[in-house]
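Residue strings, one per chain:
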Amino acid sequence: MRNLFLSLFLLTAFAAHAVEPSERLSNPVLEARARTISSQLRCLVCQNESIDESGADLAHDIRLFVRERLTAGDTNAQAIQAVVNRYGQFVLLKPPVEPATYVLWYGPPALLVAGLAGTLVWLRHRRPSPTQTMPLSAEEISRLNGLMHGTDA
Amino acid sequence: MKRLIYLLPLALFMVLAGYFVIALRPNHDIHELPSAMIEKPAPTFDLAGLGAPQPLALDALKGHPFVINFFASWCVPCRIEHPLLMRLAEQNHLPLYGIAYKDKPADSTRLLSTFGDPYRQVGIDQDGRVGLNFGVYGVPETYVIDSTGVIRKRFVGPLSAETVDKELLPLLKQLGQS
Chain A
63 MRNLFLSLFL LTAFAAHAVE PSERLSNPVL EARARTISSQ LRCLVCQNES
113 IDESGADLAH DIRLFVRERL TAGDTNAQAI QAVVNRYGQF VLLKPPVEPA
163 TYVLWYGPPA LLVAGLAGTL VWLRHRRPSP TQTMPLSAEE ISRLNGLMHG
213 TDA
Chain B
7 MKRLIYLLPL ALFMVLAGYF VIALRPNHDI HELPSAMIEK PAPTFDLAGL
57 GAPQPLALDA LKGHPFVINF FASWCVPCRI EHPLLMRLAE QNHLPLYGIA
107 YKDKPADSTR LLSTFGDPYR QVGIDQDGRV GLNFGVYGVP ETYVIDSTGV
157 IRKRFVGPLS AETVDKELLP LLKQLGQS
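Going line by line, the protein sequences match chains A and B. Position one of the first sequence corresponds to residue 63 (our numbering), numbered consecutively onward. Position one of the second sequence corresponds to residue 7 (our numbering), numbered consecutively onward.
No lab work stands behind these hints: they were computed from the structure. It is possible that part of the hints are untrue.
Stated by the list, open to error - Which residues of chain B face chain A? A few of them, derived with a C-beta cut under 7 Å, are:
(1) 14
(2) 15
(3) 17
(4) 61
(5) 143
To be verified - Sample of chain B residues with no beta-carbon within 10 Å of chain A, all distances over it, derived:
(6) 19
(7) 26
(8) 41
(9) 49
(10) 144
Just so you know, even glycine gets a beta-carbon here, dropped at the ideal spot from N, CA and C.
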């Protein structure tokens, strides 16, 4: 019974891909490359899905376009660049590391480091330095001794 | 001087608030994407003409600035801008050309005969490849192209009377003079 549920679950997991049988290339190597590229490109109609997952018409068109480019001899990078030339960098689900995206990539780690450094500085300033501790006066020592030995009871 | 460091959180908040003010300003559609094609040569096309023997080709349109409008009969927002396009075609002698994007020619023809045809010429882009080359991701989209064939401006979604008066017509006038 458990195996049945597992296999049903796995079946639904694979159904998420929207690539239609008519789109597939007969060359399995090219098709695999097309799938890799598709999973990295954003569908512009439903902006949180890759074109590999999206059932939108535009996603279908871009999938076909990518396959045509690969069949014509493009490398993966060339095919992706061809789509970026038309739709801009927003189609890339993973933005490239370049000056315009430095804040995006390095901002969160930089904030974390700044926060840790600030906390460290703050903690260090709070610790009282030993030299500032005043020694007890003679009067306090005699009172302490009295308390410790219970002579004032 | 050291006290100034306590103003740092406020300064950071002001920067963040600045971003929000820019991103959430009125009349700003967050789904509108920056175009990759501005100031680049328009992708070349040579489309079969709708209801006309002569094709709609980029090379034939070069020589004076013109406007390309991607539309479709199945496109609801296109109906919104259609009366505006009709008025412009009648009043301003707008050099407006249509591309029927992923639409059956019979449906495009029926649309234009029912509601009026604002275009000087219409090309059929049934598989959407010309639209893809332009970076179209939803109709209607409108492009202003100068006399050398370079894309100067793109409008995503239906045109409004305001964008036409304040942006499209001034730009065309400027392009026509230069």
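Outcome of the hint check:
no. : hint : result
1   : 14   : violated, 9 Å
2   : 15   : violated, 11 Å
3   : 17   : violated, 13 Å
4   : 61   : violated, 22 Å
5   : 143  : holds, 4 Å
6   : 19   : holds, 14 Å
7   : 26   : holds, 16 Å
8   : 41   : violated, 7 Å
9   : 49   : violated, 8 Å
10  : 144  : violated, 7 Å
Hint violations for this structure: numbers 1, 2, 3, 4, 8, 9 and 10, all remaining hints satisfied.
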